[in-house]
Every structure is written in C-alpha cells, then in structure tokens.
Amino acid sequence: MGIFDKLFHKPQSEHPVITAPVAGTAVALQEVNDPTFSQEILGKGIAIRPTGNQIVAPCDGKVDMMFDTGHAVSLISTNGMEILIHVGLETVQLKGKHYTTHAKTGDTVKQGQPLISFDREAIAAEGYDLITPIVLCNSDRFPILQAHLGAVSSGDPLLTIDA
Amino acid sequence: MKTITHVIQDPMGLHARPAGLLAKAAAACEGCSFSLTFKEQTVDAKRIMGLMKLGAKQGDTLTITCAGENEDAAAASMESFLKDNL
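Taken in sequence, the protein lines are chains A and B. For the first sequence, my numbering gives the first residue as 2, with consecutive numbering after it. For the second sequence, my numbering gives the first residue as 109, with consecutive numbering after it.
Certain hints may be false.
What the hints assert, rightly or not - List of simulated lysine to aspartate or glutamate pairs, DMTMM-like, C-alpha gap at most 25 angstroms:
1) A:Lys96 x B:Glu179
2) B:Lys161 x A:Glu122
3) B:Lys161 x A:Asp69
4) B:Lys161 x A:Asp157
5) B:Lys165 x A:Asp61
6) B:Lys132 x A:Glu91
7) B:Lys161 x A:Asp61
8) B:Lys147 x B:Asp192
Stated by the list, open to error - A short, non-exhaustive set of chain B residues, derived as facing chain A with CB atoms under 7 angstroms:
9) Lys110
10) Ile112
11) Gly121
12) Ala124
13) Leu162
14) Lys165
Hints were generated in silico from the structure; no laboratory data involved. If you're wondering where the values come from, they're calculated on a predicted model, not measured in any experiment. C-beta atoms are modelled at their ideal positions from N, C-alpha and C, and glycine is treated no differently.
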C-alpha cells in the first residue's frame, strides 16, 4: 500500500459501523413490502427479518424520538447519522400493544443498549409483517459503503458507512 | 421570504411516507431553505426525522417559510406538492 492509499483510503476498521439492532436475517431494503421503505423515500438502508425479541442501539448516540407506541425509534449517532428503526410494517396500528420501551426521547445510549422489547409471536399472530427496516435518513451525507446481508446476531456489523 | 400554509388532508397525518416525500421536495430546491412550523415547533423541512417528530395530524395547519434563490417559484412548487401529497 503506497502513501496515497494510506492518505485517501481509510482501513475498513476506521469507517463508522451501524450494528444489527436485532438478531435475524438481513435483506435488501427493496425486499420490504412497503414502498415508503423499498423506494428509499426515507433514505437508504437495510432490513432484518427478526428472530430475536429485542431492539438494541445500533451505535452510540442519542434517542431522537421514541414513538409512544414502541413500534419505531429514531437515533442520532455521535457522528451525526440519523437512523430510523421501524419494527414491523403498519405496526403503528397496534397502538403499543406487544411493545415495551426501555429508553425515552433524549436519552444518551451506548451501542447494544436495549431500546424496545416486542412479542414477535403475538405481533405475527395478529397478521403483521415483522420485517424491520433500518434506514439512514441522511444517507446523502453518510453513503453506505457495505451492507452485510444474511444471518446476523444482535450487535454484528450491519452497515459500513463511508465517512 | 415567502410563507405558505397548508391544512393536512391525509387521514394518517404527517407520517413517514409524506414526511419523506416532503423532505425530498424541499431538498430538490437547492438554493432555498424551508422551515416548517407546527404548534410552536420549527424544523428544517429538508430533514425527514424533524418532520416525523412533529406528530402533525389530519386537520392540523402547517406553516412553511421559504427563503433563498427563486423563493417564489420554490414556494409555489411546495404548495402544489402539499396539495397533491398531504
């Protein structure tokens, strides 16, 4: 590696990483059966078909908004990434049923800290799709360098960001 | 500076989809800034997360102030966007 590579290409380890907020299978956002997400109207990102029951912080930062219903949470990372996690599709209609929040708007959180617990079986039994989009709302400022698709455990690298 | 108002018609209010579309419409007018005011909260209309946080519902009035290059044209296109999408 020449000196210019060292200057202009950061090693992978120095790029910010968004980690998996829940265990499951990571798939492309285009596979989400809701155009708001699949057409990237809220930004670029990834989705997880969850096998776990808890959402944890995907990075260090601040809870920008914990929805009262617990079906979604947005965070601003320490370096300014705006991340929205939406647990299941159309789940606003559950009005908080089957969701428990563990953090509130304005809280400072560490990567891996629990944010929301949800009863996956009960939500699925009511007919909801549990796929969980993780969207970088300001992906124009924070381009995604690499999406890690396939099986993930909570806390595994999910998105590597070019910043 | 140009100010427009809009009463939300969408039964779901300013939820994720219209918030995303609104932020994109605002961002398309590069030389202009848009600030959106609802119930004494003012946010940058180019920021999706700020818009979603307002919790604006059907029947609520949004006030949008547009400032910058070609602000008259930008305000007019924002007004027609809101009529069509929210």
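Hint by hint, which ones does the structure fall short of?
1, 2, 4, 5, 9, 10, 11, 13, 14
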